[in-house]
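K.L.:
Please take these sequences and the hints and turn them into a complete structure.
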Amino acid sequence: MLRKQSKLPVDDLNALKANAVEAYRAAVERANPFTAVQSCIKKNGIPTPKNGGQTLVIGVGKAAPAMIKGLRELLDGPNNCICITHKENGENVENCEMFKAGHPVPDQTGELGSKRVIAALEQVGKDDQVLFLISGGGSALMPAPVDGVNLEDKIVLNEILLSSGLSIDEMNHVRQQTSKLKGGGLLHYADPAPVTSYILSDVIGNDLRVIASGPTVSPLGTKKSALDILASNNLLKLIPQNILNHFEAETSERKSNDAVNYLIGDNRESIHASAESLSKSFVTFVEDDPLIGDVNDAAKKIHQKLKEIESSTKPTAIVWGGETTVKIKGSGLGGRNQELALIVAELAHQDPIRKSWTFLSGGTDGRDGPTEAAGAIVDQETCKRILNEGYQVYDFLAENNSNKALKISNDLLHTGATGTNVADVQILIVSQ
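Note that the working numbering numbers the sequence shown so that position 362 is 550, with each residue one more than the last.
Below 35 Å or equal to it, Euclidean Cα-Cα: the simulated DSBU-like pairs (lysine-lysine) are:
{"no.": "1", "residue 1": "Lys425", "residue 2": "Lys517"}
{"no.": "2", "residue 1": "Lys493", "residue 2": "Lys543"}
{"no.": "3", "residue 1": "Lys489", "residue 2": "Lys517"}
Label pairs and their computed distance ranges (CB to CB):
{"no.": "4", "residue 1": "Glu279", "residue 2": "Gln429", "range": "36 to 44 Å"}
{"no.": "5", "residue 1": "Glu261", "residue 2": "Asp446", "range": "25 to 33 Å"}
{"no.": "6", "residue 1": "Asn576", "residue 2": "Ser519", "range": "22 to 30 Å"}
{"no.": "7", "residue 1": "Thr439", "residue 2": "Gly265", "range": "37 to 45 Å"}
{"no.": "8", "residue 1": "Asn484", "residue 2": "Thr236", "range": "47 to 55 Å"}
{"no.": "9", "residue 1": "Lys515", "residue 2": "Glu441", "range": "33 to 41 Å"}
{"no.": "10", "residue 1": "Ser519", "residue 2": "Lys314", "range": "50 to 58 Å"}
{"no.": "11", "residue 1": "Pro540", "residue 2": "Glu279", "range": "42 to 50 Å"}
{"no.": "12", "residue 1": "Glu261", "residue 2": "Tyr582", "range": "50 to 58 Å"}
{"no.": "13", "residue 1": "Asn239", "residue 2": "Glu261", "range": "21 to 29 Å"}
{"no.": "14", "residue 1": "Leu424", "residue 2": "Glu457", "range": "36 to 44 Å"}
Source of the hints: derived by calculation from the structure; they are not laboratory data. Note that beta-carbon positions come from the ideal geometry of N, C-alpha and C, so glycine has one too.
P.N.:
Now the structure itself:
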């Protein structure tokens with residue numbers, strides 16, 4: 189997890205940026221997976237096996253290692269354990285099978301871990317207890333292709349979805365219909381053993397069917413509705429034939445017991461932690477409407493807020509949570525947070541205010557898209573720094589090459605893997 193800093197002054201641009209970073213750190217700390225699991229268990233208790241049965245602990249997602257450790261510290265008796273997490277997460281769990289898999293692109297390690305999960309679930313009985321720990325990233329980290337579909341098909345599908353501009357709900361709707369474990373599939377393999385899951389949400393709105401594509405809840409829809417999503421977005425011609433064949437084939441409905449699902453943390457809690465940090469030095473507002481949908485629309489909302497608070501006589505901060513979408517047009521490198529920050533900087537450069545300001549957009553997992561940055565923290569001088577090096581900001585945006593632009597302006601936010609994930613945090617600060 190990230191280390192907190194002490195209260196900072198607010199009388200210059202560097203101080204504004206330092207306050208924004210401190211508020212981001214507060215958001216990440218509030219989503220501490222170890223603490224969140226333990227708080228839930230201390231409040232609700234923990235189910236145990238019956239008649240000498242066994243406990244099976246499975247953790248999947250970017251926060252899986254810390255969640256497993258938090259649970260097992262309070263768990264009596266022996267247990268079997270499987271953990272599938274991001275390969276950049278350096279944390280290990282003792283006496284637990286570890287699978288360090290790829291994200292956002294699925295890989296063979298993730299598929300191997302998924303097969304191990306299925307094999308373990310097929311061995312449990314009605315007297316055993318399955319404890320499942322779910323966090324963001326699970327959709328890519330646990331690829332379990334349905335029969336007739338292979339890992340390469342899933343990789344191609346994933347790349348299409350990530351570049352399509354679809355919402356996370358729509359992407360995971362499609363993913364569920366190509367997976368043995370998503371959309372309640374885990375419950376099918378666990379039956380008849382009872383399942384209790386602890387869920388750290390990286391999805392705005394906390395729809396359990398969307399978080400990690402809902403392995404312990406019913407699916408978002410059917411193969412037909414997934415096919416409709418692809419068709420309405422002109423994606424069918426790009427989809428591998430094996431997947432199209434699967435969508436068109438008849439399949440029987442999966443039967444299983446229901447799970448007990450606990451939501452242990454979410455984006456809303458984290459953005460309020462950011463606001464608490466900022467309120468020491470700024471008049472602070474938390475926006476009720478999350479920043480979701482197209483990244484360009486979100487940037488316009490932020491720029492509008494920047495213009496609105498220009499007349500304030502006090503230093504002011506605004507905090508959002510969210511998860512925007514980017515429709516890939518070019519071949520550059522970036523992520524939704526970097527793209528959002530760069531667009532905000534460009535809008536404010538074209539239509540500036542007379543005060544110092546900074547804007548941070550960062551993923552709470554410490555990684556934004558296929559880059560090493562968590563996001564970016566821009567200011568009123570960002571575009572000038574890029575222009576002074578002989579580049580045009582709009583050229584970078586046309587190629588979705590925000591990472592290079594923000595390297596030039598020295599505005600990338602680097603944290604390393606945080607070991608948690610509750611979507612994104614956006615922070616706007618304007619000086620007095």
